[in-house]
Amino acid sequence: MSVRKFWDIDQPPVVLFVDGGDRCDPLERTLRSETDYRVETVEDGPAGLDRLGRRPAVECLWISVPQSTSKSDSDLDSDPDSNSPALKLVEEAAKEDPATSIVFAPIDGDERIAGRATAAGATDYVPAAASIEARVERIDIAVDRAIDRRHDAEKRSVLETMFSELEVPMYAKDDRARHVLFAETELTTNPEDMFGKTDPEAYHGYHSDHEETYEDDLEIIEEGRRIENRLESSSDDDLWMRTTKVPWIEDGTTRGVVGLTLDVSEYKNRENELIRQIARLQQIPDYVEHDLKNPLSIAQGYFEMARAGDEDALDAVEESLERMAVLLDDFHSLATQELDSTSTRRPLQFTALVEEVWEYVATEKSTLELDVLPETMVVADESQFRPLLKNLMGNAVEHGSTTGRSQSAGPETETETETGNANTAVTVRVGRFEGGFYVADDGPGIPDADRDEIFEQGYTTSSDGTGFGLAIVREAARLHDWEVSVTDSELGGSRFEVSNCMVGTPLDSTPTGRTFELTESVDVGDVAVPGTASGGDGTYHVRGAGDNIWGLVNEFHFFHTLVDGGVRIQGRLTDLERASEWSKAGFMIRSGIEEDAAYGFVGGNVNRDPDVNWRHELGDPGHNHQIEGVRDRHEWFRIDRLGELVSCSISTDGEHWQFVDRRTVALDEQVAVGIAVCSVASDEAVDARFEDVSVVELSE
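Take the sequence shown: its letter number 462 is residue 462 in the UniProt record's numbering, and every next letter is one higher.
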């Protein structure tokens with residue numbers, strides 16, 4: 001007997017006899033004495049139907065009422081179920097409770113009626129001559145079948161209730177990662193738009209995280225991998241999800257994926273606010289040391305002069321003390337002011353910042369190696385970037401010695417291993433790779449088993465550690481839309497990589513003096529509203545629509561020309577209409593006018609935030625960075641191309657340019673260069689005005 005019964009759990013399986021005589025008495029007695037079934041009897045069909053409608057549910061309905069008929073044998077052959085109360089009861093019982101097993105066991109009549117009983121809904125037929133043992137065996141089979149059917153029905157009912165009432169993002173996808181079942185919540189789109197589609201198809205490929213979700217789904221289906229309780233941040237800075245996904249397996253065959261994704265944004269945002277506060281408090285000792293050093297030195301010097309008899313020196317001492325009092329008030333305000341997660345980003349001198357922060361974490365025997373060019377720039381919020389650098393390099397110094405890290409320590413554990421041995425030499429190397437930078441050391445490294453946990457708040461391997469250092473790194477990276485990971489260092493220790501950044505050096509190029517005119521006007525992609533372009537002598541009006549220039553979507557109006565070799569296009573975006581908060585316009589260099597072409601783009605959006613976009617390879621998802629919260633209004637944009645290298649710059653006046661990004665893009669010798677305008681609103685176009693536009697040839 002099945003043990004999966006989870007309805008009427010305080011009751012044993014029920015066997016109900018619709019008894020037409022004394023024939024069933026021995027069977028009933030056997031069941032009562034030798035099984036744990038609850039045995040019930042009723043005298044006729046109406047009573048049996050009434051019992052089926054009440055709890056506890058009936059697993060087996062044994063129908064043994066007479067099915068006598070006054071018909072002749074010839075009539076029975078032509079219409080064997082006519083006037084049979086037993087068959088009518090079978091049919092009505094099957095309708096009343098489809099999960100109940102109905103055993104047809106007539107005590108008289110022609111056995112030719114068995115086929116009609118099965119057609120009416122009986123799940124088994126037991127001839128009158130069957131032994132008691134055979135009848136008990138058939139009842140066991142019937143009970144198990146009913147429990148299986150009711151179990152599936154109950155599970156289906158529970159599942160439907162969970163999906164419809166809990167408002168939790170649960171879902172099931174088939175063996176091609178297409179949505180087949182999902183709960184309707186605030187986070188899901190229209191069900192008709194999701195059914196039968198993968199994540200990139202359902203969400204139009206706007207976000208790279210939908211591509212990553214799809215790749216995860218395929219790995220689960222093809223390799224049986226499980227994702228359990230994984231924390232992930234969406235493209236929306238304030239949205240945090242915790243996801244569990246496992247293979248959907250039936251009879252040993254993988255049918256697809258089932259998963260659950262919980263919104264933990266409220267908890268994570270509170271935690272991240274605390275981490276940002278700690279990061280800011282960490283900086284105060286540095287500010288105190290730096291800013292108080294000068295007035296304190298002055299006060300000490302003049303105090304010695306006053307001791308020597310120079311009374312006027314006391315005035316200078318007083319001024320220095322007053323200056324320190326003002327600074328202390330500033331430090332207090334810094335420590336107690338309201339937190340603001342809004343990022344204010346601008347191009348920063350990467351090398352100079354690294355060297356400056358190094359002074360605060362270096363020890364007597366620590367060495368800094370810089371594997372970056374002096375002119376390297378990074379687009380970042382300095383107030384967030386400094387704590388990130390300080391904690392990455394400080395972690396390398398503290399744990400970089402060969403005795404510095406316990407190989408078995410885990411999150412929130414304390415060890416007696418000495419860390420941060422200032423007398424042990426350690427080398428820290430800071431370098432750059434395309435789209436990111438790294439901090440590496442020559443220490444013992446980080447065990448593979450710990451690498452997914454080290455960025456969690458509370459993780460420490462030091463007996464006096466706080467566990468906040470790398471959590472601060474993670475939060476600062478998240479606020480920049482960066483990604484941070486850890487791997488092995490070429491120096492032999494650990495290497496922390498921060499990727500998805502705008503960091504690099506401008507191209508070393510020279511204009512040749514040859515210029516080009518923009519002549520070709522075309523809509524790229526499936527644009528609903530046709531665009532237009534007009535103008536000349538460096539001033540142009542371009543009107544464009546389109547869903548976006550992001551992810552797998554490439555829809556916009558493009559006013560361009562074709563150029564062989566190195567090229568630069570620059571100019572001023574003076575006006576841009578708003579169709580959405582993401583409407584954008586700027587300059588683009590791409591491998592062709594096809595929708596899936598590789599490209600680089602720099603421009604501005606309606607909020608006047610500089611916007612950088614690129615697609616590395618033909619058909620790849622496009623990427624985007626917005627330089628939010630810039631202090632100055634940047635209306636001038638420039639994009640250069642040499643070979644497969646593309647660099648972007650911005651300016652407030654068209655004379656003093658600030659490099660912001662450099663990427664490798666798969667470009668042919670001939671490229672399309674021009675103005676791109678996208679409304680980011682499929683059914684509406686926007687107008688953009690450009691002035692002082694020039695397209696010039698570049699040489700190395």
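Keep in mind that the hints were calculated from the coordinates and are not lab data. Keep in mind that the hints are not guaranteed to be accurate.
What the hints assert, rightly or not - Quick list of simulated restraints, FRET-style, between CB atoms:
1) R608 to E319: 42 to 48 Å
2) D596 to D371: 32 to 38 Å
3) E617 to R149: 52 to 58 Å
4) E232 to D152: 50 to 56 Å
5) E617 to E160: 42 to 48 Å
6) E43 to R242: 54 to 60 Å
7) A449 to D632: 44 to 50 Å
For every residue, glycine included, the Cβ atom is placed at its ideal position computed from N, Cα and C.
Each hint, compared with the structure:
1. Range check, R608 to E319: about 43 Å between beta-carbon atoms, so the 42 to 48 Å window is met.
2. At roughly 35 Å, the beta carbons of D596 and D371 sit within the given window of 32 to 38 Å.
3. Take E617 and R149: their Cβ atoms lie about 53 Å apart, and the range 52 to 58 Å holds.
4. In this structure the hint that E232 and D152 lie 50 to 56 Å apart at CB is violated, the actual value being about 34 Å.
5. E617 and E160 have their C-beta atoms about 44 Å apart, which keeps the hinted 42 to 48 Å range intact.
6. Evaluation of the 54 to 60 Å hint for E43 and R242 yields a pass: the beta carbon distance comes to about 59 Å.
7. As the Cβ distance of A449 to D632 is approximately 47 Å, the hint placing it in 44 to 50 Å holds.
Checked against the numbered hints given earlier, this structure breaks only hint 4.
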